[in-house]
Amino acid sequence: MKKFFVAQITIILIFAGGLSGIFLYTDVYENVQSRIVNVLCLSCLKLEPKTSIDFVFDTANGKPHPEFVIENLTIGPVFLHFSEDVCHGCEVMHPVIEKFFNISFEKTDSVYEIKNIQGTSVVYFYINIDHTTPELRNSLYIYDKDNVQGLPMFSMISLGYDKGIVKPYFTSVYGTLKDTDQERLDVFSSILQEGIEIYEQNIDGFLKLRI
Amino acid sequence: MKLQVKRLLSQILIFFSANLGAFGLKTGFCYPFFYCHSCPASTSACPLRALEQSVYSKSFTWYFFVYPILILGFFGVLTGRAVCGWACPIGLLQRATGKVARRLKKYQVFDEIITKKIDRYLKYAKYFVLIGLVILTSWLIGFMLTDICPIGFLTGTIPTLLLYPGKFVPNTFFLISLIIFILFLVLIFIVERGWCRYFCPIGAFLAPFNKISYLHVSRVEEEKFEKECIKCNACSKNCPMGIDVTKLYRDPECILCGKCITVCPKNLIEFRRK
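Top line first, the protein sequences correspond to chains A and B. Quick note on numbering that gives the first Met the number 0: the first sequence kicks off at 0 and runs consecutively. Quick note on numbering that gives the first Met the number 0: the second sequence kicks off at 0 and runs consecutively.
Looking at chain B on its own, in the form it has when it is part of the complex (with noise of 0.2 Å):
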């Protein structure tokens, strides 16, 4: 089976699994990945949710801080990010929504403005969110990302309402959610894997793993790279993260989607264990 097809099924999968809430499974595992618990089907809990909840407003919890950590952790240090890539349910979505995002990427003002000139910056801002709005505003003044977070709104507050129509009402958070809802949207249609680039929190968690994982992809021996490559850059262009594949080694963006592996014509780009 081919890989690609082999991560799509993953996907799928792991995206039922996610959801299997809606036949009475609640389990108190934390999700390896970004989904929320409001979910009318959800299984497990946003880890994000157990974070805040832990220092929320200058407390502190030590189990709700550690159990998502852990959880996290275990999965960055054997696959790094992949969970990104073979697991998150909003990576299956933008891998839809990725398709468009490469279209427009022929125009030269996506290509040149969004890729190339904000991508540098705007990559290390999903730091910022992790610890300034789930850890740091979480602690000082109670508020949570979780109450804005663009993710809950697609997967908790959309379901819901078709759910149970005229049962809910728009809550003080709605409307900036709902702001920030089609922001994340336009971004997820503007660039590919937008959120996961920019933005996702749990991205920026797992991103340091992938210098320590046991799984990785890499290039083949430098001497054999240099030696076969023939320069095509196919694996940067097919890359839904952005990275120049042709230096690529334990990158913290890359989610091992395999698309590098898969598009080289000389094999040259493998997942790597150890």
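One chain only, chain A, in its complex shape (with noise of 0.2 Å):
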């Protein structure tokens, strides 16, 4: 009995030291925190939000439009696209951005390309969540413009007038928008004409507006 007594109070301490390690010497709390419970794991939800393509100026957070998303707006529009290790529905659009962009890479790479499509550059970032630096990570809450916080996440961020300002005017999607591969090309052709078109209306006042 008294041998089982110390096994026991063995195995708890293994347990106790184990947990207060893992807390101590890695990330684990944060990333659960980022990567689990943050992020709205659509696939365990079993749905899908409805898809809309209005662009809006204000950003989801309230935050400012990072950086590397201005800096890259004077090359053209800014096509974001967020993933995870862990997605049915980021498994499902990997091969259509794919095609659509007509390019090849890796789940867990990050990819960053300028793409010429109908004579416009389009900078193409691929954000996957679980591999990348906390600018491009943070950048998920503010173009989540609908507040769903799940991925996959599609942004396209363009340039609008608003009351005498050029500033970024920005969509997003989520999920896997439509029930086929040619719908979801569809709709993606459709946003990216819509930011390209009102890029070119508006560039030239963004880029007085830099210099």
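Quick caveat, the hints were computed from the structure, so don't treat them as lab data. One should not assume that every hint holds.
Cut-off 27 Å, straight-line C-alpha distance, at most; resulting in silico cross-link-like pairs (DSSO-like, lysine-lysine) [said to hold, decoys possible]:
hint : chain 1 : residue 1 : chain 2 : residue 2
1    : B       : Lys246    : A       : Lys1
2    : A       : Lys106    : A       : Lys166
3    : A       : Lys49     : B       : Lys210
4    : B       : Lys57     : A       : Lys1
5    : A       : Lys98     : B       : Lys5
6    : A       : Lys106    : B       : Lys57
7    : B       : Lys25     : A       : Lys2
8    : B       : Lys5      : B       : Lys265
9    : B       : Lys210    : A       : Lys1
10   : B       : Lys223    : A       : Lys1
11   : B       : Lys166    : A       : Lys62
Predicted model only: the values in this text are computed from it and were never measured.
Hints in hand, dock the two standalone chains.
Quick look at the structure:
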């Protein structure tokens, strides 16, 4: 009986020590918080947000547009593709995006490409929130237009004219969008088309403001 | 205060603390019980999701694997499956539906076929759910239990649809999840604690800890039990997990609810430490 009690206490200490150690020496707490609890798992939810492609000026969390977006807006409209490692919807959308931008990449990569579409440069970012920098990860919350906090999310940041000032003007869509790949490609085409059009109308004003 | 009232208060209190996300509290802990992080009010992560994420598609993230095991193991080695009986919100739900199941048990068909014949084999299904659907399919083909999980449907999907009407549409997993959810409802209404008994992977993880846990429920010493037991069988009749309590000693199915302790007229069953 005494041996059993000693074994029990030993096992309790192993688990307690292991828990203390994992909290002290790893960032597992922050990872669980940022990668599971704060990001809505759309496949766990068995739902997808309804997609509306209305462009807006105000960021979702009221924070300013990140510097990497502002910088790249001088090149062309910016397309942000947010994903994560464990996400059914992300896997459905990965080949669609590869086909749409004619690129190939692994889901754990970070991708930055400038693509010429209809004569306009479009800046493409692939952001896997499990393998990226805090700045890129936090942009998820800035562009989470409908406050879904779910992945995959696709944001198109263009330029718009608001009360005399040219400002970033963006939309975000979520999930797998439609039932077939062709329909998904059509949604991206229409977003990109609109983004490019308003970008072309406003880029001169934006560059003047930057100077 | 009576034991069962204490247990009810504990379950209600923990249900509310599991939902403090409604007030903005989103932590990096894993629940030591089954509850979905997709619930709009969730405070913490589902331990199964962390496990699935750790082995998804032949990858391995060691800390996502070890972390839920340490949390569950810590509670397991201290109290065995007491979290099922005293903390789990799904346990609280089954406490309510158990009354219907208990009434149905009076009919021979339920008692003979379900409780006695199926129970013997089906209680091992939860181990297959844990190893098969949480670990193996996630590892091999990227299919996860949480995608079709009835608890996720109950605590994530339904509240989200109610809170944000018109904002979401069903995805590819919705229909199969709905069917599984309906079967889950049927199960918990016809078998008392049916989910805990047969399919709960967290219960499967915690069950072996009953063999070594510091706190457990057992009969008093053999000699005293044999001498004083009046063979009323009230303990076994009232056990929500269908255990033959007269033979109880560190049973893996025991959720330490203490019902047998409450009903024993001779006080021959007790919580024990060590």
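The hints, checked one at a time:
1. At roughly 23 Å between alpha-carbon atoms, lysine 246 (chain B) and lysine 1 (chain A) fall within 27 Å of each other, so this suggested pair holds.
2. Pair hint lysine 106 (chain A) plus lysine 166 (chain A) does not hold up; C-alpha atoms about 31 Å apart against a cutoff of 27 Å.
3. Note on lysine 49 (chain A) and lysine 210 (chain B): the hinted pairing is violated, with a Cα-Cα distance of about 49 Å set against a maximum of 27 Å.
4. Under the criterion of a C-alpha separation no larger than 27 Å, the hint pairing lysine 57 (chain B) with lysine 1 (chain A) is inconsistent with the structure, at around 43 Å.
5. Taken as a hint, the lysine 98 (chain A) and lysine 5 (chain B) pair is broken in the structure, with Cα atoms around 59 Å apart against an allowance of 27 Å.
6. At most 27 Å may separate the alpha-carbon atoms for a hinted pair to count; lysine 106 (chain A) and lysine 57 (chain B) meet this at roughly 14 Å.
7. As the CA atoms of lysine 25 (chain B) and lysine 2 (chain A) are separated by approximately 41 Å, the hinted pair breaks the 27 Å bound.
8. A threshold of 27 Å between alpha carbons decides the hint, and for lysine 5 (chain B) with lysine 265 (chain B) the separation of about 21 Å falls inside it, so the pair holds.
9. Only pairs whose Cα atoms come within 27 Å are accepted, and lysine 210 (chain B) paired with lysine 1 (chain A) is accepted, the gap being roughly 16 Å.
10. The suggested pairing of lysine 223 (chain B) with lysine 1 (chain A) holds, with an alpha-carbon distance near 22 Å, which does not exceed 27 Å.
11. Among the hinted pairs, lysine 166 (chain B) with lysine 62 (chain A) is consistent with the structure: their alpha-carbon atoms are about 24 Å apart, no more than 27 Å.
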